[in-house]
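Q: Given next are the chains, with one letter for each unit.
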Amino acid sequence: GNSVTQMEGPVTLSEEAFLTINCTYTATGYPSLFWYVQYPGEGLQLLLKATKADDKGSNKGFEATYRKETTSFHLEKGSVQVSDSAVYFCALSERLTGGGNKLTFGTGTQLKVEL
Amino acid sequence: NAGVTQTPKFQVLKTGQSMTLQCAQDMNHEYMSWYRQDPGMGLRLIHYSVGAGITDQGEVPNGYNVSRSTTEDFPLRLLSAAPSQTSVYFCASRGGPTNFYGYTFGSGTRLTVV
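Here the protein sequences line up with chains A and B, keeping their order.
My numbering numbers the first residue of the first sequence as 16 and each following residue consecutively.
My numbering numbers the first residue of the second sequence as 1201 and each following residue consecutively.
Some hints could be false.
To be verified - Label-pair restraints from in silico Cβ distances: (1) SER29/A - LEU1279/B: 13 to 23 angstroms; (2) GLY56/A - GLY1216/B: 26 to 36 angstroms; (3) MET1241/B - PHE33/A: 38 to 48 angstroms.
As the list claims (entries may be wrong) - One side only, chain B facing chain A, incomplete, derived with CB under 10 angstroms: (4) GLN1237; (5) LEU1243; (6) TYR1264; (7) ASP1273; (8) PHE1290; (9) PHE1305.
Stated by the list, open to error - Derived DSBU-like pairs: lysine-lysine, alpha-carbon spacing no greater than 35 angstroms straight-line: (10) LYS83/A - LYS71/A; (11) LYS1214/B - LYS75/A; (12) LYS92/A - LYS1209/B; (13) LYS127/A - LYS1209/B; (14) LYS127/A - LYS71/A; (15) LYS67/A - LYS92/A; (16) LYS127/A - LYS92/A; (17) LYS67/A - LYS83/A; (18) LYS92/A - LYS71/A.
For the record, the hints were derived by calculation from the structure and aren't laboratory data.
For every residue, glycine included, the Cβ atom is placed at its ideal position computed from N, Cα and C.
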């Protein structure tokens, strides 16, 4: 079946450091890819998405490029802030036999940004 | 505010008890789903619905029931709670016929079964 693999956390960075969170996937066909962010005590929020190869999703200074050749969707940000501290989930969307679709998530990567 | 509303936020059950987790959305989304979040496992799909009157199983449906009598509501029922159902439960909805719009998640229900 489809799967998503993320780098293990926690990742601890100083403010203004460069961030990369690796994400690779295994899927049949060409799924849509997502990054979700979960702040403490809250639900998941869509951070960015890409629906086809070579698409770049971006939002709030975060970017990720859909790389079909390496089956990757790495999350990057040039300068992190303390407010970026959260858990980040990589996910892909696949169709279900019942006509809907589901998100397959990675295990999440906790990011801690310190002053 | 528009979005997905889940109640309760916290719940403690004894083994064997039953309960219903509520989920409501006011965005007129056709697609709704329930996920559980467990440490080190990401989120896993329990049940989903593509519209009122239509539900189907996800990857971990055992011990849970759902129904979808209206577009707005998608309750999740635990029939006989077990400690293995201790988890954080998220309801999500999506508008539009494709994946383009992403999903909107509720803030979750933290359930402990003792």
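Q: State for each hint whether it applies.
A: Status of each hint after checking the structure:
1. Evaluation of the 13 to 23 angstroms hint for SER29/A and LEU1279/B yields a failure: the beta carbon distance comes to about 49 angstroms.
2. Checked against the hint of 26 to 36 angstroms, the pair GLY56/A and GLY1216/B passes, with Cβ atoms roughly 29 angstroms apart.
3. The beta-carbon spacing between MET1241/B and PHE33/A, approximately 29 angstroms, falls outside the hinted interval of 38 to 48 angstroms.
4. Checking GLN1237/B against chain A: minimum C-beta separation of about 9 angstroms stays under 10 angstroms; hint holds.
5. This hint holds: LEU1243/B has a C-beta 5 angstroms from the nearest C-beta of chain A, less than the 10 angstroms allowed.
6. Among the interface hints, the one on TYR1264/B is violated; its C-beta lies about 15 angstroms from the nearest C-beta in chain A, farther than the 10 angstroms criterion.
7. Nearest Cβ of chain A to the Cβ of ASP1273/B: about 17 angstroms, over the 10 angstroms cut. The hint is violated.
8. A hinted interface residue such as PHE1290/B counts as satisfied when its beta carbon comes closer than 10 angstroms to some beta carbon of chain A; here the least separation is about 6 angstroms, so the hint holds.
9. Given hint, PHE1305/B at the interface with chain A, holds; its Cβ is 4 angstroms from that chain's nearest Cβ, closer than 10 angstroms.
10. With a C-alpha separation of about 12 angstroms, the suggested pair LYS83/A and LYS71/A falls inside the 35 angstroms cut-off, and the hint holds.
11. Taking the CA atoms of LYS1214/B and LYS75/A, the gap is near 43 angstroms; set against the 35 angstroms cutoff, the hint is violated.
12. Taken as a hint, the LYS92/A and LYS1209/B pair is honoured in the structure, with Cα atoms around 32 angstroms apart against an allowance of 35 angstroms.
13. Of the pairs offered as hints, the one joining LYS127/A and LYS1209/B holds, with about 25 angstroms between alpha carbons and a cut-off of 35 angstroms not exceeded.
14. About 25 angstroms separates the Cα atoms of LYS127/A and LYS71/A, which keeps this hinted pair within 35 angstroms; it holds.
15. A distance of roughly 21 angstroms separates the Cα atoms of LYS67/A and LYS92/A; the hinted pair therefore holds under the 35 angstroms criterion.
16. Taking the CA atoms of LYS127/A and LYS92/A, the gap is near 14 angstroms; set against the 35 angstroms cutoff, the hint holds.
17. This hinted pair checks out: LYS67/A and LYS83/A have alpha carbons roughly 9 angstroms apart, not beyond 35 angstroms.
18. Between LYS92/A and LYS71/A the CA atoms are separated by roughly 13 angstroms; this keeps the pair inside 35 angstroms, and the hint holds.
Of the numbered hints listed earlier, those contradicted by the structure are 1, 3, 6, 7 and 11.
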